[in-house]
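Since the structure of chain A is provided, determine the placement of chain B on it from the hints.
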Amino acid sequence: MSRSPSTGSPSDDEVAVKLVHTADWHLGKRFLAFEESDNVKLSRARLAAVDRILGLADQHAADAVLCAGDLFDGPTPEKEWWTGLAQKLNSASPSRPIFLLPGNHDPLTARSVYSADHPFRAALPQWVHVVDQDDFEYEITPDAVLYARPCRSLAGQDDLALALPARDAEDERIRVGMVHGSTFDIEGADTHFPISIDAAKQRGLDYLAIGDHHGFRDVPTGAVPPTVYPGTPEATKFGERDAGHVALVLITRRRRVTFHKERVSHWQWTERECTSLNDLRGLAHGTAMRDQVMRLRVRMGLGIEELAEAEDLLAALKGTAASHGRIGILDVDRSELRLDNLDPAKALEGAPDVLQKTAARLVEIAEGMGGAESIDPEVAKHALLHLHRALQELQT
Amino acid sequence: MRLLTVRATSFQGIDKAELQFGPGLNVLYGPNALGKSSLAHAIRSALLLPAKSRATEALQSWHGAGLPSVELTFQTGPGQIWRVSKTFAPGSGSSAQLEHSTDGLSFSRDSRGRQVDERIRELLRWGVKGPGGRGGAKGYPDAFLTHALLAQQEDVAQILARGIADDSDESGKKHLSEALTALAQDPLFKAVLDRATEQQSEAFTATGRRSRSRTSPFHEIHERITELQTQRRALDVELGDSELAEQRIQQLNSEKDELQSALSEGQERLTSVQRDLEASAALITLEQAVATAKVVLTDIDEQLQTVSLEDKNHTQLAGAVQESKGTCEATKASETAARAKLKSAKAALDLALNQEGAETRARKQEELKNQLLMARQRHREAEAAMKSAEAVGELHTRVATGESELTHLQELIEEQQEALKAAERNAMAAAESLQLAESIALYGRLYRARMDLSVAEAGATAAASDQEQATRERRQADEIEKQLVDLNVPDSEALSQIRQIRQDLDVAEAALGGGLSVEVRPRSPLELRVAPDDKERQEFSGSEPIDVEAERSVSISVDDLVDIRITAGEQSARTSAEALREQWSVVGEPALKRSGVESVRRLGELRQQADELERSASDHRAKAQALEASADQGQESQSGIEEARARVEQRKAALPEGLEETLGESFAQLGEDWEAQLDSLKKDQAKADSEARQARESATTQLARLKTQSEERRLQLDKLRKELAGVESGTSKPWKERLEAAEADGTKATVEIEQLEQQESTLSGEIEGQEREARIALQGAEQHLEKESAALEAANEHHNALREDVAGAASRLKTLKEQAERLDRAAAVKAVEEAKQALAQAPAPAAVVTQQDLEAATHKRDDTKRMLEAKKRELDQARGALSQVGGEVVRERKRELDDALTAAKDRGREIELEYEGWKLLVATLRETENLEGAHLGNSLGPAVTDRFNTLTGGRYGALELDAHLKTDGVHVAGEARDFEALSAGTRDQLATLFRLTIAEHLGSAIVLDDHLTQSDEDKVGWFRDLLREMSERIQVVVLTCRPKDYLADAEFAGPDGPVNDRAGGLLKVVDLGRVVVGSG
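Sequences listed follow chains A and B, in order.
Residues 2 to 397, numbered by the numbering used here, are exactly what the first sequence covers, in order.
Residues 10 to 1089, numbered by the numbering used here, are exactly what the second sequence covers, in order.
Okay, chain A solo, but in the shape it has when bound (with noise of 0.2 Å):
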């Protein structure tokens, strides 16, 4: 995607200046929704997302790489984490200069990561600016600017981009903004570090960096000069729309802006829905999709055997401890999963006569009759289901 808020292209001899904008990196960040080998997967990724945007700030020639807040999950995160930040940043292109901004989630504070005495600090290159001042200022070319302002707390009503320094009348530099907030549209944002519509307009600058929003977009759109979310590299739960993007952002020496989406991101995270057992053995038997977070909702009635099939087809696609699953990571819903044609007969066809007896009796509790009213008919489907099982496992 690309979006101009001016006319034409520039050319690269026009450009002067190349920025990767990225923010709410939220490492550290645990998904607590997910079962522990997951969440693993998840967190890591969000640190091998840096990689790639370090990786495209070097295929682009970026100037500068500007981290707008919510670089951590928290303000006081686990040492692997900041360690394997630093590493990260310390591999990096010592000729470009990357900034990182204090967010609502890990705010500048006394005991922070970013606080000066942390040894995340002493850990960082001398290109990687810590944005610690409220009066944030770095000549990032000659003719470009940056000036930022840290979140302090985990929430607050100042509008820092209206906090940083307005335009001087002579002054023709390429001005850009880097703060961490909520636009005007967002709900709560008057207590969420809010930013004013205009304010780029208001305190003249050429492009606002912000971060907080995990997808991508420029608020409001197609707005001169932009203000851009770039959103989370990796997304962070379902429904977060254009999330795992950078914006490359291109200046040119008129201070015409450009910016594009770029995808940085390793997991997609989807929602899915079957409502037939020949939906789930399509998804199934299809394309293998290692690499997307998928919650699926199985919406269906099922008879045992029928059932019995499906759960074996969920346990492909999740994957078992010894073998990987079709889909990266799989969130069942099985909610809507129903166990319905309870007839024992076929499914227990040729089984001695107690056994037979006892599936009967679990459908009639399964049914809500037979004087076992206070046994959950779940209990009871669920008992038909591991008896079922059971049989074919012991016979085969």
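Label pairs and their calculated CB-CB ranges:
# : chain 1 : residue 1 : chain 2 : residue 2 : range
1 : A       : Ala124    : B       : Gln509    : 28 to 38 Å
2 : B       : Arg624    : A       : Glu36     : 34 to 44 Å
3 : B       : Glu528    : A       : Thr110    : 55 to 65 Å
Read the hints as simulated data drawn from the structure, not as lab findings.
Heads up, the beta-carbon is just placed ideally off N, CA and C, and yes, glycines get one too.
This is chain B only, laid out in the frame that chain A set:
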């Protein structure tokens, strides 16, 4: 169940006996009356008879040597070894104790007293209801399995006479059913059941409860849910703080916006009132400006009119001078001609004197001369009359002109007087306005003084109000702090410590979990207080048995005698839990007690409440402080009130008397910016005053000038009139008639003169020549010259007078024109038009407003402004508070935790369904199996029948057993026969087979006390083989006086000792004669 040891003392026929049992067949032999049945009875009593039972009377030593006592050791399963010790007595002296051991070496007490029997009956599951209470056994309990396994010698056949349905407790039937169905299972069914049971056992305890062990599938998810819930509770607190701070900000923002809006409205209202007041004042000013401009224009017009009149006068005078000049020149010419004529006449006379005939000529000439003189006299008289008449006419003209001029001047004077009056009025008005402005200024000073006073008084009132409010706030803060004291809740740090201790204690106690089941069987009515898991104590009274279920611990207080605490778990866990309990009792419980609550959660709520109260108290104190500061400032203004009052009085006194109200109204119209208005007004009025004064001076000067002119004109006119009156005195004819008569006389005299002169000329010519003519001509010339000279002199005189008048008029005209040139009438007209236009364009006030309206609007605006400022300060404080909370970050984490919790609960639900499914499957499998195998007779009958047929060589058919093992008879030759029809030996054999089969299915020990005494050797031998075969599976204790029925010679106890262990321990032979010390 398997017997391990028995020791009996003073028990019926036994004085003392002690022996160990082997795991297989135990043959205990001895002669009759040795005490074999006493030993069997001792075993039975140890297991079944309460130590206090009346039936114990039968156990007394036959020789009265002490109380009977038995100690029996038995095993119910691997590592489940029990030792029961009883001393029997129907009254005092009895005792009972049950001990437990896992190794058979070290025992710990399990129960005492009546609980012992309860416990043993639970362990054995023989269908015996607990002692005491309704249905409880009195004496020896009567149950199917007690008969089957421990039947007394005389009761052996009873087993055939009763069924298991007669038992007072279901445990025996269940026990046997389980044993029988287990044997009857289909292999696939068993495999399914085993699989299901295995799965079930992963998650549930043997008693069907969910396992809390670390390997339980519930454990991990339970831990997970608990951890997430704990995290969420912590986040809830943080989120609560955040939402409070955010709501506070939203509320304050809303209030601020309302105040901002109210301020705008107040400002608009104030501006509107000010605008209306200014519009009113502007209209007055503009009206005054129009009037002033009109006065200026009128003045200019009057001055210009004066110039015009003067110009006209000057023009007229100049005309008169020109005319007079012409007259002078004509008169001069006439006089010059007359002089020339005289000179000519003199020359002619000189010529004539030299001629003859002088006398005649002289006479005639004299006559003619006389006539001519007379004619000439008449002519002169006519000319004089004509001149006189003309002079009179001229005088009349001049008088008329003078009167006209005087009238005009008079009109000018009147106009100028009017202008002067107007100027004086304007000056007076300006002076009055200026004076009024000064008075308004005085009023303004009074107003300011009053305002100062009002402010001071308001300040004082506000200070008093603030002080009262501050007092109220402090009182509220005190009350809240009193509430805080009453709450007596620990601070956050202490609460955190208490929470941590509680949490650690819960964790430690959870580690102790696993379940406890305590049964309390009071032997006599007791007051009991029972507290499972340290929960609320329940009180029990009486002797009814009590079942207590607990996870970790049970505390029991018996009357005031003893406090018992039973704790589950390993020693280290208990120690840890105990330490935490101690900590809890020192830190947590006193805190809960002090706060009057029962839970940490409630304490947390109290802490939250206390925090709220502290915040509220702090708010009240801050408000009080702010109010007191405000009150202090107000108090400072108290001292200014008197000064302000004095200033008010002083300034009031300075006001013109009786004008205060009027001045107040005028002042009110000036609006809030009254000082500037007043300064402006005063400047305008000073300017108007100056202009009015100038106009008055100008008018005065002009009037004086006009008056002077008028006086001059009047004097001239009077002179002319006098002159006219002089020349007209003595005649009544009008000068025109006289002029016409004089002209006629002149013309007549001229004709007469001309005739006489003709005659004289003729005469001269005729008589004496030219002398006479010359003389006449000379005389005529002299006379003409004289007349012309007089006329010339008069004309010159008149001309000079006119020239003086013209010079005077020109001088005045010049002065006036110079003045007029300085006047700008167009500007004045324009000023008037502009003033009128400005007046017309000036906006009319939208409403009639007063100064009070202005003051009210100002007060309202200022009040709103103050409230807004206060609100902004509150908002700043709230914003500061916002930076201390988690905000969106906490909200996000809460959402994530909620999702995680939902996922964990879903997972928990899946696990629950999974394992509850297994559990239900197990239960249903067993239920179905039981239904299928509930007919115990069907299960057990064939086994008994098979052995009985073998024993009897097929003589008997199937043993008829009902579902409850009640024997209906036995088939003999295809017919059912009652047992009574069988021989005693056969009945004995059948009963023994039945008992052995039951013991075999139960895997239990069986005691056979001198059975088969009426069987033949073959049958006994068959039984011996059967017992040896069965001894590989169950323990059989045979008490017999005929050891040869069971033993080979080599198997008897030898000289080395009374006990002979053989067959790898499966056969144990005991010579009771050497073990039992008989009472005898």
